[in-house]
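Enquirer: Residue-level listing of the chains:
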Amino acid sequence: MPASRLLQRHWSRLDDFALAVTLDGARAGLAAFTDVTRDAGSLIQSWVRGQPMVEYDHYPPDDVVDARHGSQFFYHAHRSHGTEHGHVHLFWHASASGRRRYVSGLSPRWSRSTPTHLLAIGLDSRGLPISVFTVNRWVTDGHWFDAPATLAMVDRFAVRRAPEHAASAAWLTHFVRLYRPVIEDLLVRRDRRVGRHARLEVALQNHDLEVLSEIDLDWGADLEALQAECECRRPAAATVP
Amino acid sequence: MSSLSATLSKTLASAVVTAAALSGRGIMCRACTTCKCGGAQATAAKCGACGAKCGAKCGACAAKCGAKKK
Chain B
1 MPASRLLQRH
11 WSRLDDFALA
21 VTLDGARAGL
31 AAFTDVTRDA
41 GSLIQSWVRG
51 QPMVEYDHYP
61 PDDVVDARHG
71 SQFFYHAHRS
81 HGTEHGHVHL
91 FWHASASGRR
101 RYVSGLSPRW
111 SRSTPTHLLA
121 IGLDSRGLPI
131 SVFTVNRWVT
141 DGHWFDAPAT
151 LAMVDRFAVR
161 RAPEHAASAA
171 WLTHFVRLYR
181 PVIEDLLVRR
191 DRRVGRHARL
201 EVALQNHDLE
211 VLSEIDLDWG
221 ADLEALQAEC
231 ECRRPAAATV
241 P
Chain H
1 MSSLSATLSK
11 TLASAVVTAA
21 ALSGRGIMCR
31 ACTTCKCGGA
41 QATAAKCGAC
51 GAKCGAKCGA
61 CAAKCGAKKK
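As given, the protein sequences belong to chains B and H, one line each in that order. With our numbering as the guide, the letters of the first sequence map in order to residues 1 to 241. With our numbering as the guide, the letters of the second sequence map in order to residues 1 to 70.
Since the hints were derived computationally from the structure, they do not count as laboratory data. All of these numbers come straight from a predicted model, not from anything done at the bench. Certain hints may be false.
Unchecked claim - Quick look at which bits of chain B chain H covers, simulated, 3 or more residues with Cβ under 8 Å:
#: 1; stretch: 12-20
#: 2; stretch: 28-36
#: 3; stretch: 44-55
#: 4; stretch: 75-83
#: 5; stretch: 123-137
#: 6; stretch: 190-197
All C-beta atoms, glycine included, are put in the ideal place defined by N, C-alpha and C.
Make a model of the complete structure from these sequences and hints.
Expert: See the structure below:
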């Protein structure tokens with residue numbers, strides 16, 4: 001599969017500094033992916049830990065939650081879609097108005113907010129990310145926000161306080177940053193899909209509408225394209241030791 | 001010196017392949033059937049019978065999973 005044209009167009013328009021920041025993030029994400037694969041066997045195994053997987057069960061069982069950043073994710077499997085083994089669901093804890101409510105340690109966490117779904121990332125059986133997709137509200141519950149509001153939450157998504165899953169969380173955080181333009185397109189497509197229906201509230205509960213938008217990825221090709229863009233500008237900066 | 005994509009390929013060559021998931025519960029909690037991929041609620045109580053973190057009353061599940069309990 002070729003590299004994403006959307007990403008290539010986006011990177012070609014970045015100034016040198018922004019492109020260098022993007023490359024650094026991509027390297028850090030790849031380093032985290034390499035670390036977790038070396039230490040646990042794969043991203044999936046870092047959450048499953050050798051247990052036989054059961055459809056719909058969450059891995060890890062209580063999800064990975066960063067209370068400070070209001071971010072949460074888990075892995076599970078239940079659908080047959082190409083080479084997908086399962087997918088990571090990403091959530092951000094938002095109030096109904098879309099705000100993150102900071103709560104002190106003494107109060108129940110997020111008493112006025114719910115996990116709002118941002119997107120899911122499909123992985124193959126080796127843990128390689130192969131797609132991103134969005135789902136309807138009935139699938140995940142939580143508040144519903146339009147694409148710009150959801151993208152603002154994606155920008156704030158970060159899992160940094162999860163010591164048992166530090167490497168996978170680091171990969172995820174960097175991955176979301178790298179694919180931000182694709183995620184924006186994904187969310188716009190999602191809104192367009194539900195926008196075809198006359199009543200939003202009805203569409204959001206329509207069980208005939210499950211996956212609302214999906215984009216296949218080739219992470220390797222995208223990394224190569226990013227590096228090529230950097231090499232065009234600063235040949236010495238675009239290689240890793 | 002290597003490219004990022006070559007590093008990724010090398011990493012994937014050593015990755016463990018995870019087997020497909022086994023079939024799950026035949027009947028899920030009432031909450032889960034309407035919200036099948038929801039994030040675990042931080043304050044939700046675990047369902048006593050099936051252990052799923054549904055945070056809701058578990059009509060169907062209590063019968064199904066409760067019967068399985070030993």
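Enquirer: Run every hint past the structure and note whether it holds.
Expert: We went through each hint and held it up to the structure:
1. 12-20: violated (count 0)
2. 28-36: holds (count 3)
3. 44-55: It holds: at least three residues are needed, and the stretch 44-55 of chain B offers 7 whose Cβ sits within less than 8 Å of chain H.
4. 75-83: Coverage by chain H holds for the stretch 75-83 of chain B (3 residues, Cβ < 8 Å).
5. 123-137: Three-residue rule met by the stretch 123-137 of chain B, so holds; n is 5.
6. 190-197: It is violated: at least three residues are needed, and the stretch 190-197 of chain B offers just 0 whose Cβ sits closer than 8 Å to chain H.
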